[in-house]
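Could you slot chain G onto chain Y? The hints should help.
Protein chains: 2
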Amino acid sequence: MSTRAVTKSLAVLTIGATVMLASPLSPAHAQSIAPQVGEFRLANGMHAVVIPDRRAPVVTHMVWYRVGAADEPRGKSGIAHFLEHLMFKATEKLPSGEFSKTVARLGGQDNAFTSQDATAYHQQIAKERLEQLMAMEADRMVNLRLAEAEVLTERDVIIEERRSRIENNPGSILDEQMNQALYPNHTYGVPVIGFMHEMAQLSRADALGFYKQHYAPNNAILVVSGDVTVDEVKAMAERTYGTVATGPQIAVRARPSDPPPLAPRRIDYVDARAGKPVLRRYYTAPSYVTAAKGEAEALDLLLKIASSGSTSRLYRRLVVEQKIASNAGGYYQASGLDSGKIALYAVPADGHTLDDVERALDAVLEEIRTGGVTQAELDRARKSYIADYVYESDSQVALARRYGWGLVVGQTVADVESWPTNLGKVTTADVKAVAGRWLDIKRSVTGRLLPEASAAAAKPANQQAPANRS
Amino acid sequence: MSTRAVTKSLAVLTIGATVMLASPLSPAHAQSIAPQVGEFRLANGMHAVVIPDRRAPVVTHMVWYRVGAADEPRGKSGIAHFLEHLMFKATEKLPSGEFSKTVARLGGQDNAFTSQDATAYHQQIAKERLEQLMAMEADRMVNLRLAEAEVLTERDVIIEERRSRIENNPGSILDEQMNQALYPNHTYGVPVIGFMHEMAQLSRADALGFYKQHYAPNNAILVVSGDVTVDEVKAMAERTYGTVATGPQIAVRARPSDPPPLAPRRIDYVDARAGKPVLRRYYTAPSYVTAAKGEAEALDLLLKIASSGSTSRLYRRLVVEQKIASNAGGYYQASGLDSGKIALYAVPADGHTLDDVERALDAVLEEIRTGGVTQAELDRARKSYIADYVYESDSQVALARRYGWGLVVGQTVADVESWPTNLGKVTTADVKAVAGRWLDIKRSVTGRLLPEASAAAAKPANQQAPANRS
Chain Y
427 MSTRAVTKSL AVLTIGATVM LASPLSPAHA QSIAPQVGEF RLANGMHAVV IPDRRAPVVT
487 HMVWYRVGAA DEPRGKSGIA HFLEHLMFKA TEKLPSGEFS KTVARLGGQD NAFTSQDATA
547 YHQQIAKERL EQLMAMEADR MVNLRLAEAE VLTERDVIIE ERRSRIENNP GSILDEQMNQ
607 ALYPNHTYGV PVIGFMHEMA QLSRADALGF YKQHYAPNNA ILVVSGDVTV DEVKAMAERT
667 YGTVATGPQI AVRARPSDPP PLAPRRIDYV DARAGKPVLR RYYTAPSYVT AAKGEAEALD
727 LLLKIASSGS TSRLYRRLVV EQKIASNAGG YYQASGLDSG KIALYAVPAD GHTLDDVERA
787 LDAVLEEIRT GGVTQAELDR ARKSYIADYV YESDSQVALA RRYGWGLVVG QTVADVESWP
847 TNLGKVTTAD VKAVAGRWLD IKRSVTGRLL PEASAAAAKP ANQQAPANRS
Chain G
427 MSTRAVTKSL AVLTIGATVM LASPLSPAHA QSIAPQVGEF RLANGMHAVV IPDRRAPVVT
487 HMVWYRVGAA DEPRGKSGIA HFLEHLMFKA TEKLPSGEFS KTVARLGGQD NAFTSQDATA
547 YHQQIAKERL EQLMAMEADR MVNLRLAEAE VLTERDVIIE ERRSRIENNP GSILDEQMNQ
607 ALYPNHTYGV PVIGFMHEMA QLSRADALGF YKQHYAPNNA ILVVSGDVTV DEVKAMAERT
667 YGTVATGPQI AVRARPSDPP PLAPRRIDYV DARAGKPVLR RYYTAPSYVT AAKGEAEALD
727 LLLKIASSGS TSRLYRRLVV EQKIASNAGG YYQASGLDSG KIALYAVPAD GHTLDDVERA
787 LDAVLEEIRT GGVTQAELDR ARKSYIADYV YESDSQVALA RRYGWGLVVG QTVADVESWP
847 TNLGKVTTAD VKAVAGRWLD IKRSVTGRLL PEASAAAAKP ANQQAPANRS
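Quick mapping for you: the protein sequence lines, in order, are chains Y and G.
Going by the working numbering, the first residue of the first sequence is number 427, and it counts up by one from there.
Going by the working numbering, the first residue of the second sequence is number 427, and it counts up by one from there.
Bound-form chain Y, shown alone (with noise of 0.2 Å):
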């Protein structure tokens, strides 16, 4: 038996037993536990990939579709997200709620999400009853019915949904108006939930019409994880799926790109609400899609250590040495179609103002850019990733996740199960020349989050706090 070819609890098995080896959490280790997953298509399009994983009879189903809030018509901010709840009322087969009903009465639970780049339904089931809720699926593909009454107070349940997630919540109100300077022209600038005034005006017919523009099976990627082979799902979705026409509008993913950013953007959003002041920096990078070779797997590398847990350079010379801040930290976001983000942030310790902390901040990133990182901590970070991911694979849910992701914006199977690989060959150069490359203050948005509005918003960031300026 191949590498390749063990199954999902034999690598489980392969970890434990590789635990007193000298790389047991090696990239090429980490490679070689890649489930034995299988492809194939339908003959109306339709993409599949099968991960069995036999351990218990269970199965996670999700059906992704190359469709998010980025594809969305100008002025119908949250269309994509209003159609993912729509999805859960009537079809010609089934009535309104029936769905999850249905789902739930099998034993087995549902939801969905949307994002800027995709729209995914998810369950987790007993094997026996994949076939069934297969075909549920491939009904609401194409048979959705909806009442305009109930599509009103569907638009209701979302409007209070964005009241709760973004209205009332200053951090994500600032996050908001951070991701609008960050993508100028590109729609990753508008917020995946919409815009309230927007959202208030969406009706059944645009929900029907972006419905029909990109639900169909040649929009799919049906990604099925558990205990089934590659034949049985096949069979099982060419009853199913199979039965569904190919659909003849699928719009291309064309959205607006950004030009080149010049300068770097500022906002100060003061809300009493906000409690602490918290300072944001978000960078603009690329994706693994759209990353020259290496240079996601660097970035994943380098933000790992600039700014991931305790031990990060951040949290260390803000956090732990300098002591002027009580948090600090950040990520990079790499799954995008089109474009990928840094975010760090860091709230001030008392008596520290967020311009300390500004400063701070931005010193750790000259170091990094100038000096780089050493050879300790590129091993650290990668084996802590490299364990995240390992560990990560023992998860049915995270594998089915795993691989929507990718294949959602375009990657192969092969692509994505060469990120250890990948990560494996990152080197302290590369980490140096990304830092310096995306860490371009050009590129950046940085965002204040002020609790009192004498935080004088109105006033230049010099006449904050004087008393405290270094």
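Incorrect hints may have been included.
Copies of the same chain are indistinguishable here, so a pair counts whether it falls within one copy or spans any two.
Stated by the list, open to error - Lysine to any residue pairs mimicking SDA-like chemistry, simulated, CA-CA at most 20 Å apart: (1) K868 to D697; (2) K868 to R699; (3) K527 to H548; (4) K868 to R706.
These aren't lab readings, by the way, just hints derived from the structure by calculation.
It should be emphasised that the depicted structure is a prediction, and the values quoted were computed from it without experimental measurement.
Coordinates of chain G only, in the frame set by chain Y:
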């Protein structure tokens, strides 16, 4: 003869005759000199306004289309302006370039312009040539013939135009970025000339598609000022524009709108070519067509008092009294279909920083927001505006533009002519009210043009030039 019935030449005499009266430049007087404007609508939907002016045997002829850059499809920025250029190519009847050559041969001049809300083609010519000109303009309204090679050559022209107007002009680059931040969702955030990377992809098909959607008599306004009667123009228009069929595909102007502004935005743009540092501040504000009754006229007067010329508050405080700025000023742009804009700027005097002038500028605005303006300031500003209005009314071209700008965004002739009267009604309380309401920092974008990278765009504002901080 009623005052409304005076001809343009009599109106000018009237100005002379009333100089001795108490209020020669009163709003009532300005209103009284409104030319005797005639209006009609052709059967195909084309609206026409005629402004007789018999002083010389010439006419100004304009055709305004209710389409501008803000109506462009996403990803096709610059197509409105590109099409304006291409309108000087061939039609069924005229070879490429022949339009302007013919106008010149007839002793006339011609040009065109594109704004966010309008595209207009205009000529000045001897009255005897008017009908021939109208026939040519009617021809190119629907009979444009574009050769692929010519489109590509002209695309190089607009790209070069962008290069010289924007890329070689640091102030224009900053302006472009500030507008993007000012209008995060509305298409006013996209530059009229287009983003370079999108302009480079514009095609013949894009231009013709835009043309068919927007160029037709039912989306056009004819404005003729000069030595003609309404009946003469009507007869000529029926023989020329009247033969053009109503366009069936005219798109409704549906632009996305912005969410309520919640936080001030700041942009630092470093460019060695800048020469001097400059501070700019933009605010969104209502326009003539979006404002509550009287607000736009109060904003006209507010910005005249606050920022226009060497007697303005801003200039007096920053340049004359405090001597921290070498120049300071601003204006209110009120002609937009969906939004107006307030723009202010200040240039630090030698030895003073951008922070100094920003603090001083904010102090002047706060002074007006809380203390209002004086009756003397209001009277002086109003008189200055009325004088400009009256003197401008002496220009055939300016009159044609005045009515064209109003009508193309949906104003009526009566709306256009009521401006002096509305201006006359504004009180100091009104000015204070609009200052308080619209000079709200949350609505603003502050831009700083920095000639040196050492001005540290990467660092918070308070790290700059500490030696000069007050």
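Hint by hint, here is what the structure shows:
In this assembly of identical chains, the alpha carbons of K868 and D697 lie at most 20 Å apart only when taken from different copies (12 Å versus 27 Å within one copy). Only between protomers do K868 and R699 lie at most 20 Å apart by alpha-carbon distance; the minimum there is 17 Å, versus 31 Å within a single protomer. Taking identical chains as interchangeable, the C-alpha atoms of K527 and H548 lie at most 20 Å apart only when both belong to the same chain, with a minimum of 14 Å there against 66 Å between chains. Proximity of K868 to R706 under the C-alpha cut-off of 20 Å is found in both arrangements, the shortest distances being 15 Å within a copy and 19 Å between copies.
The earlier numbered hints are all upheld by this structure, with none contradicted.
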